[in-house]
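Let chain A serve as the given structure and place chain B with the ligands on it in line with the hints.
First to last, the protein sequences are chains A and B.
Here my numbering is used: position 446 in the first sequence is 446, and no number is missing along the way.
Here my numbering is used: position 139 in the second sequence is 139, and no number is missing along the way.
Treat each hint with caution, since some may be false.
[Claimed, not checked] Lysine to any residue pairs mimicking SDA-like chemistry, simulated, CA-CA at most 20 angstroms apart:
| hint | chain 1 | residue 1 | chain 2 | residue 2 |
| --- | --- | --- | --- | --- |
| 1 | A | K129 | A | G188 |
| 2 | A | K438 | A | A217 |
| 3 | B | K111 | A | G149 |
| 4 | B | K111 | A | G188 |
[As the list claims (entries may be wrong)] Selected chain A positions facing chain B (in silico; Cβ < 10 angstroms):
| hint | residue |
| --- | --- |
| 5 | E135 |
| 6 | I170 |
| 7 | F174 |
| 8 | A179 |
[What the hints assert, rightly or not] Okay, the calculated beta carbon distance ranges per label pair:
| hint | chain 1 | residue 1 | chain 2 | residue 2 | range |
| --- | --- | --- | --- | --- | --- |
| 9 | B | L14 | A | K31 | 50 to 60 angstroms |
| 10 | B | E152 | A | G375 | 21 to 31 angstroms |
| 11 | B | L14 | A | G33 | 56 to 66 angstroms |
| 12 | B | V161 | A | R85 | 47 to 57 angstroms |
Honestly, the hints are just simulated from the structure, not real lab data.
No residue lacks a Cβ here, since even glycine has one placed at the ideal position from N, Cα and C.
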Amino acid sequence: MNQNVTTRSLNVDGREVPINGERNLLEVIRKAGIDLPTFCYHSDLSVYGACRLCLVEIEGRGIQGACSTPAEPGMKVRTQTAEIREIRQIAIELLLANHNQQCPTCPKNTACQLQDVARKLGIRKVRFKPLHEPEPLDETSVSLVRDPGKCVLCGDCVRFCAEIQGIGAIDFAFRGHDAAVLPAFGLGLGEGECVNCGQCAAVCPTGALSPRPEVDAVWQALHDPAKTVVAQVAPAVRVALGEIFGLPPGTVSSSQLVTALRRLGVAKVYDTAFSADLTVVEEAHEFLQRKASGQRLPQFTSCCPAWVKFAEQYFPDLLPNLSSCKSPQQMLGALCKAILPAELGIPRRDLVVVSIMPCTAKKFEAKRPEFARDGLPDVDHVLTTQELGRMIEEAGLRFADLEPGSFDLPLGFKTGAGIIFGNSGGVSEAVLRCAVEKLTGQSLANPDFYQVRGEAGVRFADLSVHDTRLRLAVVHGLKNARILAEKVRRGEHALDLIEVMACPGGCVGGAGQPVSRGAAARQSRARGLYDADKHLELHKSQENPFVTGCYQRHLGEVGGHEAHQLLHTRYENRRSPAPSEPPAHGTL
Amino acid sequence: MTHTPKPDCAGRRLTKIRDILDRHGRRASRLVPILQAVQEEYRYLPREVLTEVAAALEVSPARVFGVATFYSHFAIEPKGKHLVKLCDGTACHVKDSIPILEAIRRRLGLKAGQRTTSDRLFTVETVACLGACGLAPVVVVDDQVHGQMTPESAVQLIEDVLAREVAP
Ligand code: SF4
Ligand code: SF4
Ligand code: FES
Numbered sequence: 001m002n003q004n005v006t007t008r009s010l011n012v013d014g015r016e017v018p019i020n021g022e023r024n025l026l027e028v029i030r031k032a033g034i035d036l037p038t039f040c041y042h043s044d045l046s047v048y049g050a051c052r053l054c055l056v057e058i059e060g061r062g063i064q065g066a067c068s069t070p071a072e073p074g075m076k077v078r079t080q081t082a083e084i085r086e087i088r089q090i091a092i093e094l095l096l097a098n099h100n101q102q103c104p105t106c107p108k109n110t111a112c113q114l115q116d117v118a119r120k121l122g123i124r125k126v127r128f129k130p131l132h133e134p135e136p137l138d139e140t141s142v143s144l145v146r147d148p149g150k151c152v153l154c155g156d157c158v159r160f161c162a163e164i165q166g167i168g169a170i171d172f173a174f175r176g177h178d179a180a181v182l183p184a185f186g187l188g189l190g191e192g193e194c195v196n197c198g199q200c201a202a203v204c205p206t207g208a209l210s211p212r213p214e215v216d217a218v219w220q221a222l223h224d225p226a227k228t229v230v231a232q233v234a235p236a237v238r239v240a241l242g243e244i245f246g247l248p249p250g251t252v253s254s255s256q257l258v259t260a261l262r263r264l265g266v267a268k269v270y271d272t273a274f275s276a277d278l279t280v281v282e283e284a285h286e287f288l289q290r291k292a293s294g295q296r297l298p299q300f301t302s303c304c305p306a307w308v309k310f311a312e313q314y315f316p317d318l319l320p321n322l323s324s325c326k327s328p329q330q331m332l333g334a335l336c337k338a339i340l341p342a343e344l345g346i347p348r349r350d351l352v353v354v355s356i357m358p359c360t361a362k363k364f365e366a367k368r369p370e371f372a373r374d375g376l377p378d379v380d381h382v383l384t385t386q387e388l389g390r391m392i393e394e395a396g397l398r399f400a401d402l403e404p405g406s407f408d409l410p411l412g413f414k415t416g417a418g419i420i421f422g423n424s425g426g427v428s429e430a431v432l433r434c435a436v437e438k439l440t441g442q443s444l445a446n447p448d449f450y451q452v453r454g455e456a457g458v459r460f461a462d463l464s465v466h467d468t469r470l471r472l473a474v475v476h477g478l479k480n481a482r483i484l485a486e487k488v489r490r491g492e493h494a495l496d497l498i499e500v501m502a503c504p505g506g507c508v509g510g511a512g513q514p515v516s517r518g519a520a521a522r523q524s525r526a527r528g529l530y531d532a533d534k535h536l537e538l539h540k541s542q543e544n545p546f547v548t549g550c551y552q553r554h555l556g557e558v559g560g561h562e563a564h565q566l567l568h569t570r571y572e573n574r575r576s577p578a579p580s581e582p583p584a585h586g587t588l
Numbered sequence: 001m002t003h004t005p006k007p008d009c010a011g012r013r014l015t016k017i018r019d020i021l022d023r024h025g026r027r028a029s030r031l032v033p034i035l036q037a038v039q040e041e042y043r044y045l046p047r048e049v050l051t052e053v054a055a056a057l058e059v060s061p062a063r064v065f066g067v068a069t070f071y072s073h074f075a076i077e078p079k080g081k082h083l084v085k086l087c088d089g090t091a092c093h094v095k096d097s098i099p100i101l102e103a104i105r106r107r108l109g110l111k112a113g114q115r116t117t118s119d120r121l122f123t124v125e126t127v128a129c130l131g132a133c134g135l136a137p138v139v140v141v142d143d144q145v146h147g148q149m150t151p152e153s154a155v156q157l158i159e160d161v162l163a164r165e166v167a168p
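Next up, chain A with everything else stripped away, as it sits in the complex (with noise of 0.2 angstroms):
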């Protein structure tokens, strides 16, 4: 075959379209503006080639999956013939054969793949007859709902779990009529290795796999005469919510979001932003106090609690190296209870605290028992984006035509570098622009640390301030974080700090957030948040005057007794018992 630049293409359906490094055909189509409809792909992930939805006609071959061929030079594709589409009919059919069809009680209800492509190609009706009995919901999770009824058994749950987190918590059991994603043994999701990232219901292209809702407590609290309901919402809520009113990813709509909530009945909105500032002043104190001894470095971030989980199982003796910082929500949750109920005059049991996180892992960290007082949970309940997404439309409140709205203070004034927590690398640079500072004694004129930055999985940092060298490390994605870890405790990566958030970018790509497919929306999720740093006043935690009038009034000295009974926390060994040496799962 002749080289010419021209042989760089293939044909798709008449016409031609470049080939430029795409992994397979699917990318190559995908790039031509066709929509194939897939269940088994993900880009992120290894290509599986189970669910034949991809097929497509290639002139001498005949029919292939698109997501497993490789995209060739010269191929002529057709995505559209008879066959074709008798094929994939067939396959949703069979597909929705087994599947419980109870879309309009489904919590994926709308945003479920299924439905979606069911209706594209037109299904009016199903000629197979089911061959399962129906199966009970594992509720055992207190962050995720599994509904085996509506498995296709895509396998994208497994491999994320596996390739993305390095857990591999639910995998294929059985075979044939049989076969099922299950956790191991059959036990339920929440009885084993699961750390509750909710990566898996978040590629999960059906209901299978949900967040656990707790929007029908959330209600009930609002509607109880006798209860104060105050809420807190984490950074990267408020460039997501938008998505389900039709603003485009990234928006910052804060000011919609507090009157929302008001409107809905709560008393304060306060900001996990807040909090983040208070988290970074106690953990950049930890962290110099740390680096001036020498002693249990590199700290580990701990405010993501599927990441606090995974370290407890496999890492324990690690454990002195996490941070005991609390994570924002449960220092902001601990401050609530401890201070509102003498400012409004209630009884502690009478307030409930209700957090809007963009994440699932948060349910089963406000669960922990140490994070509750007398029976009296911290944060009471945890509501994901989409969740609260739910409630204001249920309310029937027009989101964008909701007049703004600004949080209440003082535990709703943040900066922007609370802010910028939700984004992978946040967490890291916010306690820079908090460390430098006291390093040097002077005042740091730009706060940006661009180093720490970006989308990689992994990305190093090594900054000289005076005569102290910092050596960073952020990581996203556990199995990331697993590999990383190791090489800290074989001694060999000598590092002083590592933030570790478990979901892909961080909290913007969150499983509790809006469902989204590919990298684009939390992409333009991060952007958002570091454009609100940017228009905010301030950009440095020590800088919050409403921190500084914190510590006054209630917790005393950073890094002090007061502060460690509030602000602090300890971990658990979670190893499972009797191993032989230390478990570290990979995939076979």
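Only chain B with the ligands this time, still in chain A's reference frame:
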């Protein structure tokens, strides 16, 4: 589906497991032969042992469970004292083996996904072709082959075993 093996082998002879693992160089690629050796040792794959195998091979327990349940040769529950095998090869299938299976399972009170009675007296399995197609449909009770079964005659075989159990 719930598969909850009783932890009767818990902790017992875990050194045996270490021997098996060492024999196979603790390599994840040897998972299937390792499971085979474990099954020979215990006659089934106890959960505690699978957990141990997973940890040693650095494979997730869910993956080990997946492999253990993929091969019908492996049992994740202990087998009962009496083994009832029902042939579901093509010949037996067309001669209505499934109603026989259902009748036996009903008689023994087995729930969906359960292969062994809670008193551990019976394990009921289906197997692909026993090579006795002339006798279809075939039921094997403790290695004794019974041909041309009906749901009634198969249940009678169970009754016979039960009768022998009460009056040995
Ligand atoms: S929530 Fe995370 S850890 Fe748990 S099964 Fe899903 S992907 Fe795996
Ligand atoms: S990265 Fe953020 S959203 Fe994801 S599990 Fe951790 S805290 Fe939750
Ligand atoms: S997307 Fe190609 S087979 Fe599923």
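### Task
Return holds or violated for the Cβ distance of V161 (chain B) and R85 (chain A) against the range 47 to 57 angstroms.
holds, 56 angstroms
### Query
Would the stated hint for A179 (chain A) survive a check requiring a Cβ distance to chain B of less than 10 angstroms?
holds, 9 angstroms
### Query
Are the Cα atoms of K111 (chain B) and G188 (chain A) separated by 20 angstroms or less?
Since the Cα atoms of K111 (chain B) and G188 (chain A) sit roughly 19 angstroms apart, the hinted pair holds (cutoff 20 angstroms).
### Message
Within 21 to 31 angstroms: is that where the Cβ-Cβ distance between E152 (chain B) and G375 (chain A) falls?
### Response
violated, 59 angstroms
### Query
Was the hint right that I170 (chain A) lines chain B, CB cutoff 10 angstroms?
holds, 6 angstroms
### Task
Starting from the hint 56 to 66 angstroms, judge whether the C-beta atoms of L14 (chain B) and G33 (chain A) obey it.
holds, 59 angstroms
### Query
L14 (chain B) and K31 (chain A), beta-carbon distance inside 50 to 60 angstroms?
holds, 54 angstroms
### Message
Just to be careful: measuring from the Cβ of E135 (chain A) to every Cβ in chain B, is the smallest value less than 10 angstroms?
### Response
holds, 7 angstroms
### Message
Hinted pair, alpha-carbon criterion (20 angstroms max): K438 (chain A), A217 (chain A). Please report holds or violated.
### Response
violated, 44 angstroms
### Message
Just to be careful, I want the Cα atoms of K111 (chain B) and G149 (chain A) compared with a cutoff of 20 angstroms; is the pair within it?
### Response
holds, 18 angstroms
### Query
Does F174 (chain A) pass the interface hint, meaning its C-beta sits closer than 10 angstroms to a C-beta of chain B?
holds, 5 angstroms
### Query
Keeping to a limit of 20 angstroms between CA atoms, is the pair of K129 (chain A) and G188 (chain A) held or broken?
Distance ~28 angstroms between K129 (chain A) and G188 (chain A) Cα, so the pair is violated.
Comparing the model with each numbered hint stated earlier shows that hints 1, 2 and 10 do not hold.
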